[in-house]
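Novice: These are the residues of each chain, in order.
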Amino acid sequence: MFRSAKNTIALAAAIVSVGGLTAACGSSSGSSGGVVNLTYMIWDSGEKPAYQASINAFEKAHPDIHVTIDVAAWAQYWAKLQTAAAGRDMPDLFWDHLAYLPELAKDGIITNIADDVKSSNVDLSQYSPKLLAQWENGSTIYGLPKDWDTIETVYNAKDLSAAGITPAQLGALSWNTTDGGSFVQALQKLTIDQNGKHPNEAGFDAKHVKQYGIALEGSTGQQDWWDFGVQNGCSLQDKQYGKWTISSTACVQAMQFEQDLMYKWHVAAPGTVTNTPNAASLPQILAQNTAAMTFDGDWDLTTYQSSLPTGGWGVATLPTGPKGSGTVYNGLSDAIYAGTKHPQQAWELEEWLGSAASEKIVTDAGTVWAAIPSLDDGFIAAWKAKGVDVSAFYTGAQGTTMGFPLTISGTAFNNVVLKDMNQVWLDQMAPQAAASDITSVSNAAVADGS
Amino acid sequence: MTTKPIGRQMSGTAIYLLLGLGGLVSIAPYLMTLNAAFKPQSTLLSTQAWTPAVPATWSNFTQLWQQYDMSGFIVHTALVAVAITVGQLVFTTLAAYAFARLEFPGREPLFWLFIAMMMVPQIVTLIPLFLIMSHLNLVDTYRALILPYVFGTPYGIFLVRQYFQTIPADLEAAARIDGAGTWTILRRIMIPLGRPILATLATITFVNTWNSLLWPLMATSSERDEVVTVGISALQGQFASQLHILLPAAAVALLPLIVIFLLFQRHIVRSIALTGLK
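Each protein sequence line maps, in turn, to chains A and B.
Every letter in the first sequence is one number past the one before it in my numbering, and letter 77, counting from 1, is 82.
Every letter in the second sequence is one number past the one before it in my numbering, and letter 115, counting from 1, is 117.
If we strip away everything but chain A, and leave its shape as in the complex, we get:
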């Protein structure tokens, strides 16, 4: 009797303490003392300082709004966002990528800002039309363009001068599918085996290469075969949100050319060196002199700057292909959570982040190129001050470009393209077979989703 009574008391005490714990927790909320708290989620801690500076300016002008920047690395960013979406408790604003935009829009998670744009008289003509078009679909617009990136050649200056090639010559190279063109000839000069021989010399040892001419690495194709593709007239899709057309001749030739660089010409690092996700990063490959040059996006500029000596690296335009020059052109925007408790304040932040004043802060810091073309000189100037001429990225953006594919089958495409292309770069799958598989799997996902 006595014992069980004691147990009951203990149990009751436990319940009360649990109740107390939870009851004490009901107070946190989005606003306190008239100040609205907004959360802004981004995935690059390297870009945070510039965005914090922009946010500070915003808070000064809006003392009734407080913004917290939440950084979650790309590797966890989308998982966190999807969990938050399932819990209907998302950050008020967050960086959006074209690979995810269609699915977010379809699920009704992000806000169509078309009405706000109209009522606030936002001047859409200030943005690069190509960027703006990516975020528009019919009468909807899912975010103001905040930046852009292109892919260009990044080279090791020492290796280049050792091979007797000038940066200007590097930018003027061209390739073709028959003899490789001047691009392959230059890469042959830059590729050296352990006995100092080049791939076009007798006795070259392809198994013991000390320095490859080029290293190409990209999980989707953005930094490698898509660029060859746009230079060869390849389109990944028949239209935005349309069917995949990767098995076309122009696209397969682009893949074949990259595979040939590795296994026919022996001038590019093979898949064992560059296959994602486990390969060394491109700046690392360049810094360790595994390869003399690479194709990379401007988002990596800071890493090159910190891991190679000043003047030890530079940027040149991509080679020209059978159908001319071209690069992949992509950009981000800020999405507003459709369920935000503070839609008005969230829009004010969106409007600020997309304004020339905010984009100028971020661009002048050399963090990312602005989506407003008139500001882009600021980015070039910021990097000039650091001793690097990055204008090749700008040149690329002005020429022929290929946008990031827009599709509701993004997840299926990302999975199959990584799996198959890794096989291609290991020389274990023919480009045509990979292209057919990627096309059929991705198109099946398009058909399922619509």
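Warning: the hint list may mix true and false statements.
As the list claims (entries may be wrong) - Listed next, the stretches of chain A that the computed footprint assigns to chain B, with coverage defined by at least 3 CB atoms under 8 Å from CB atoms of chain B: (1) 89-102; (2) 158-169; (3) 284-295.
Rather than coming from a laboratory, the hints here were simulated on the basis of the structure.
Cβ coordinates follow ideal geometry from the N, Cα and C atoms, glycine included.
Following the hints, complete the assembly by docking chain B onto the known chain A.
Specialist: Just chain B now, kept in the frame of chain A:
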């Protein structure tokens, strides 16, 4: 006659060589992390991970503290880890004792039902847990980090219950004859005798909490409650990882765990020997 000891000696040497090799493989990543943490940013990517950091530099560590709230991360993590560890020790002891010794109807089914929770992968409960926290308005608070784990885990309760069952029931019966109640028995017999297993539980809980990434990542979104794993993971960008900050951060985050292990090492080894669990 003489060949046997030599053979035995040789197999002994071989075993030690093998164990030494295994040890080296296990510890190598940590040593490389520590080594790379002292490399200047300019040589971090251009040298191999095992190239010695000469000249060594503290600049990565100073940058870590200047640019990132490393002390904050560690304080937040310690707070959460201590709260969960203390909570688990208290509640697990009570639950394990109840399941091991107290007689009440439905004890066995309840116990096995509880243990069955071990089969549910954590990832499956992630979204429901987030929903609960979201409805309670607890997202981005310490309570969201602490509440789900503070009342013990099936694993911990199983561990301690098995140990309690090995303590002779006669001891308890003798105490009862001397007039001791349940609380006295728990306080003066079970807890002192259960010290090795409780130390093990404390270590496992502390280490797991310190290392846990997924839940804190989902449950928090501001720096005021950001824990060390989340802080470190944020340093990995989509493309450009800030390795020169990330590696010293990982090295610093490891230190408290090493201290904990050294403090409780004796208990951990003993409890593994006693329960056959690990």
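Novice: Output the indices of the hints that this structure fails to meet, ascending.
Specialist: 2
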